[in-house]
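Q: Now for the letters of each chain:
4 protein chains.
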Amino acid sequence: MVLRIQCTDRVGLVASIAGVLSAINVNILSMREHVDTAQNRFFIRLVTAATVAETDSETLTHQLQQVLPASAEITVNPSPKKKIILLVTKEYHCLSDILIRNHFKTLQASVQCVIGNHSSLQDICERFGVPFHLVSHEAKDREIFEKELTAVINQYQKDYLVLAKFMRILSAPFIAQFPHKIINIHHSFLPAFIGANPYRQAFERGVKLIGATAHFVTNDLDEGPIIAQQIIPVTHSFTAADMMKAGKEIETAVLAKALQLVLDDKVFVYGNKTVVVD
Amino acid sequence: MVLRIQCTDRVGLVASIAGVLSAINVNILSMREHVDTAQNRFFIRLVTAATVAETDSETLTHQLQQVLPASAEITVNPSPKKKIILLVTKEYHCLSDILIRNHFKTLQASVQCVIGNHSSLQDICERFGVPFHLVSHEAKDREIFEKELTAVINQYQKDYLVLAKFMRILSAPFIAQFPHKIINIHHSFLPAFIGANPYRQAFERGVKLIGATAHFVTNDLDEGPIIAQQIIPVTHSFTAADMMKAGKEIETAVLAKALQLVLDDKVFVYGNKTVVVD
Amino acid sequence: MVLRIQCTDRVGLVASIAGVLSAINVNILSMREHVDTAQNRFFIRLVTAATVAETDSETLTHQLQQVLPASAEITVNPSPKKKIILLVTKEYHCLSDILIRNHFKTLQASVQCVIGNHSSLQDICERFGVPFHLVSHEAKDREIFEKELTAVINQYQKDYLVLAKFMRILSAPFIAQFPHKIINIHHSFLPAFIGANPYRQAFERGVKLIGATAHFVTNDLDEGPIIAQQIIPVTHSFTAADMMKAGKEIETAVLAKALQLVLDDKVFVYGNKTVVVD
Amino acid sequence: MVLRIQCTDRVGLVASIAGVLSAINVNILSMREHVDTAQNRFFIRLVTAATVAETDSETLTHQLQQVLPASAEITVNPSPKKKIILLVTKEYHCLSDILIRNHFKTLQASVQCVIGNHSSLQDICERFGVPFHLVSHEAKDREIFEKELTAVINQYQKDYLVLAKFMRILSAPFIAQFPHKIINIHHSFLPAFIGANPYRQAFERGVKLIGATAHFVTNDLDEGPIIAQQIIPVTHSFTAADMMKAGKEIETAVLAKALQLVLDDKVFVYGNKTVVVD
Chain A
0 MVLRIQCTDR VGLVASIAGV LSAINVNILS MREHVDTAQN RFFIRLVTAA TVAETDSETL
60 THQLQQVLPA SAEITVNPSP KKKIILLVTK EYHCLSDILI RNHFKTLQAS VQCVIGNHSS
120 LQDICERFGV PFHLVSHEAK DREIFEKELT AVINQYQKDY LVLAKFMRIL SAPFIAQFPH
180 KIINIHHSFL PAFIGANPYR QAFERGVKLI GATAHFVTND LDEGPIIAQQ IIPVTHSFTA
240 ADMMKAGKEI ETAVLAKALQ LVLDDKVFVY GNKTVVVD
Chain B
0 MVLRIQCTDR VGLVASIAGV LSAINVNILS MREHVDTAQN RFFIRLVTAA TVAETDSETL
60 THQLQQVLPA SAEITVNPSP KKKIILLVTK EYHCLSDILI RNHFKTLQAS VQCVIGNHSS
120 LQDICERFGV PFHLVSHEAK DREIFEKELT AVINQYQKDY LVLAKFMRIL SAPFIAQFPH
180 KIINIHHSFL PAFIGANPYR QAFERGVKLI GATAHFVTND LDEGPIIAQQ IIPVTHSFTA
240 ADMMKAGKEI ETAVLAKALQ LVLDDKVFVY GNKTVVVD
Chain C
0 MVLRIQCTDR VGLVASIAGV LSAINVNILS MREHVDTAQN RFFIRLVTAA TVAETDSETL
60 THQLQQVLPA SAEITVNPSP KKKIILLVTK EYHCLSDILI RNHFKTLQAS VQCVIGNHSS
120 LQDICERFGV PFHLVSHEAK DREIFEKELT AVINQYQKDY LVLAKFMRIL SAPFIAQFPH
180 KIINIHHSFL PAFIGANPYR QAFERGVKLI GATAHFVTND LDEGPIIAQQ IIPVTHSFTA
240 ADMMKAGKEI ETAVLAKALQ LVLDDKVFVY GNKTVVVD
Chain D
0 MVLRIQCTDR VGLVASIAGV LSAINVNILS MREHVDTAQN RFFIRLVTAA TVAETDSETL
60 THQLQQVLPA SAEITVNPSP KKKIILLVTK EYHCLSDILI RNHFKTLQAS VQCVIGNHSS
120 LQDICERFGV PFHLVSHEAK DREIFEKELT AVINQYQKDY LVLAKFMRIL SAPFIAQFPH
180 KIINIHHSFL PAFIGANPYR QAFERGVKLI GATAHFVTND LDEGPIIAQQ IIPVTHSFTA
240 ADMMKAGKEI ETAVLAKALQ LVLDDKVFVY GNKTVVVD
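Residue numbers (numbering that gives the first Met the number 0), protein chains in the order written: chain A, 0 to 277; chain B, 0 to 277; chain C, 0 to 277; chain D, 0 to 277.
If we strip away everything but chain A, and leave its shape as in the complex, we get (with noise of 0.2 Å):
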């Protein structure tokens, strides 16, 4: 059993928590806390021998509140097997990635559906009889473009829409659908080079690593609580075109980890930033 907790910070939390666990003879295997004492936040995550039957697990939440600060966010026993929704455009990598190990059963969700803004993806997933569906931005208003997203998103049950290269910028009142559940891959080492073409911009700059970052989703896309980075090495010999072959390297590899991360509820997110808990 995975049980996480986030509230204000007070004097006799971890006690009150692991007294709970003790009282029903549960045994604590590994246990993280943290307190971002500016802002007054705990954080715990724990790792328990038993697992908790579903009845339990309410039972044992009801008891956790009896202890807790009444505003205290606590999951106990989160689903291991999560659902998602991919959202694509026109690059490959990351998708195909995700579709492997959701095809393997690696990944830590199962992928419920993807929607691209192209067709280009199509075939890929129908490989892996993953349904698509084709919901194109062309010659239409964001406002409703961004319907179009939401009616077909409302036709699945999902955790986490994953933006896996998806290259339109989404509207904050979309956004504001779906809190702390979208989880991007930008295509640099934020907070450099924000905005179009950061591998353009790289280049030009005449950097010696880029990267990758993964982070949820707030106002923008390229903002929002960072989960994961990573940069590889690049040269003088590296053409534009080049380095964008090599991000994606690092892309898929970040996103990937991000996901295994938040998909085995390691990540916790407040105001814009995120404790992670590996």
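Treat the hints as calculated values from the structure; they're not laboratory data.
Virtual Cβ for every residue (Gly too), placed ideally from N, Cα, C.
One thing to keep in mind: the hints can contain errors.
Unchecked claim - One side only, chain A facing chain D, incomplete, derived with CB under 8 Å:
1. Ile143
2. Ala191
3. Arg204
4. Val206
5. Leu208
6. Ile225
7. Ala227
8. His235
9. Ser236
10. Phe237
11. Val268
12. Asn271
13. Lys272
14. Val274
Dock chains B, C and D against the given chain A, drawing on the hints supplied.
A: Relative to chain A, chains B, C and D alone:
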């Protein structure tokens, strides 16, 4: 305050420990707990908001002993400033890095003295006002050499001995005097290239990465629980000498990292392994 | 055009080669030359502005032969699209990564077929329309098994055989059929943990990094010239199974990197080493 | 001998250069050539077997001038031991690392003197017998401050000025005195976090990696051709102060790496970029 406990695992340990702290109104700012289920061993390190006066420390230890297994190893409020003795031969890089940090008081330890089996590094120690003792191994049985080493070591208080490129093999009886208190830097990515001249071995094998390993010394120089490892890339254009030169950079960095972890009380040792709660 | 030459070193080789190119008005855009002074061996790879037609390629080779040692290995304008055959057992990660790149034509090769000694990976091959051949090793002498492998392999044109987690040990006679043409991914940081179950070995040793090594196969599966190596950090909280899971990520990445280098004609082999001019 | 040439590109340059060397029976051990096709710029660095006496060096330069464009920048046999002047403020880490390497003669340069705008680092310089000059910026116009700096600098021979955590912004006229001769270490992964207090900025943004950048100074402290960059991971548990502490490690390492590259004559500069032929 930092609190560290290592003991046999059983249900309720976290509740007991956190309960003791909560009762004296101490808030836990950061906690990491780990159970080695194969060995049924419990490890916890926590940082609290309160500093605890010396007398409180004894009281707290006593209170914790009441609720923990009899054999529990409890460290309340370990000294933030350890005392270390360095053993060296001729290579300057690790020693100098530690002397600089010691001089500017950014090492969480004070260097008590340096012992060299050559006089090469006497000058650099004197420049920093650190006592240097020459204990030559030449024309001596190892037993006598180690007796002389021990005599010098015993003149000083010390928490750890650091073999900062000390190129003599120490005997099991010598090592047994300082259990889990001797830290060595080995110039390879253990367990590859155990033994003499690892850079020559690495060159002959044509590897593309070389590494360094910091570890506690148990039986001989290249064994013992690993604390930290790092690597750097090398290419076909590296000679064995180039690899050695590049390796020195990584040796310095790994030993510095391992010392920081150990001196910050973030490393538990048990059996042939470490638990590093960074 | 790419030009590669490997031969015994002597004064004037670069002048001779560049002279031949200059005489036919070919501009050199990028050149790397390396001499292994210990072995008196000369390596050069250069990229030119001009593309050279097939007939020119023969003429150029002939012109270069006039100015180089008789035994020089000259490759003018190597095929930018190699042909490869994959050998697999049950693990999907390396195979799938290659199949995806092959499908989207970003691999500098076309996958001719996949040969498995189990049928587990037949389905994924069929989803991409890549021929799969089952050659079971069960209840067979190795000699017969390898004869069957060879029979399938000989049905196809191929530049390289890629052991993409092929878990059978191949005999020296089999390997001798494809000198420097078999690429293997080994699931450790060679030469650490040679042999079976390296992740179990790594776990027992308590290492803080695990690695993977891509290499040409010479005598047996774990020897031969190393092409690329990478590592990832692990911690005390990793079980042997966790290490294996993390290792798969790095195996996939290292094999992809090594293939890219080999397929881009950036790897020279001689003796038990490679010269990689990336 | 090392030979470096930078000039406008045209067909036949390598043949001409190698021809000159071949004619005097000089063997090329290692060569890297690169053409920036966008800028039509040719770069070559080669290492030969022969050492060349001073007079030969002039002859060789003259011979090369005959076969190269008039504006070619030719460096034959650059001094293996450069002279450098360090500018510092209060932080010890980069300075100490350089002083140690200088002291043990593993830096490919000799430190002529250190200039500080505070006296904090005078003591460490004196311990190594390196001249220290205090040039305070307090209660002075920048023009006067820089005039005083220049006066001290002009007392010494120097190949490079190294800003080893020099926290004053230098004017364009000052910088123009030393074109491509001033090396700076910037405490972020440029171009992220340009300007003041990058660690505070990084902390606020919640990044998962922090970096450092060594670059030539052109117009202002944070611009100019990048020589080397590195990063290290950080987590939610890092305060801004922890990030700064971790950043110092990477600053030291990146500046050391950049200096090694520049002092080994492996860095070409043109426009706002470098060509690094390591």
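Q: Does A/Arg204 hold up as a contact with chain D if the rule is Cβ-Cβ below 8 Å?
A: holds (6 Å)
Q: Can you verify the interface hint for A/His235: is its Cβ closer than 8 Å to any Cβ in chain D?
A: holds (4 Å)
Q: Interface hint check: A/Phe237, Cβ to nearest Cβ on chain D, cutoff 8 Å. Holds or violated?
A: With Cβ-Cβ at 11 Å, over 8 Å, it is violated.
Q: Given A/Ser236 was flagged as interface, is its beta-carbon under 8 Å from a beta-carbon of chain D?
A: holds (6 Å)
Q: Minimum Cβ distance from A/Ile225 to chain D below 8 Å?
A: holds (5 Å)
Q: Does the CB of A/Val206 sit less than 8 Å away from some CB of chain D?
A: holds (6 Å)
Q: Going by Cβ atoms only, is A/Val268 closer than 8 Å to chain D?
A: violated (10 Å)
Q: Mind checking the CB of A/Lys272 against every CB in chain D and telling me if the closest is under 8 Å?
A: holds (4 Å)
Q: Hint validation: A/Ala227 versus chain D, beta carbon distance must be below 8 Å. Holds or violated?
A: Result: holds, 6 Å to nearest chain D Cβ.
Q: May I ask you to test the interface hint for A/Leu208 with respect to chain D, counting a Cβ-Cβ separation under 8 Å as satisfied?
A: A/Leu208 check passes; min Cβ-Cβ to chain D is 5 Å, inside 8 Å.
Q: Have a go at the A/Ile143 hint: is there a Cβ in chain D nearer than 8 Å to its own Cβ?
A: Violated, because the Cβ-Cβ distance from A/Ile143 to chain D comes to roughly 34 Å (cut-off 8 Å).
Q: Any CB of chain D closer than 8 Å to the CB of A/Val274?
A: Hint on A/Val274: holds, closest Cβ of chain D at ~4 Å, below 8 Å.
Consistency note: the structure conflicts with the earlier hints numbered 1, 10, 11.
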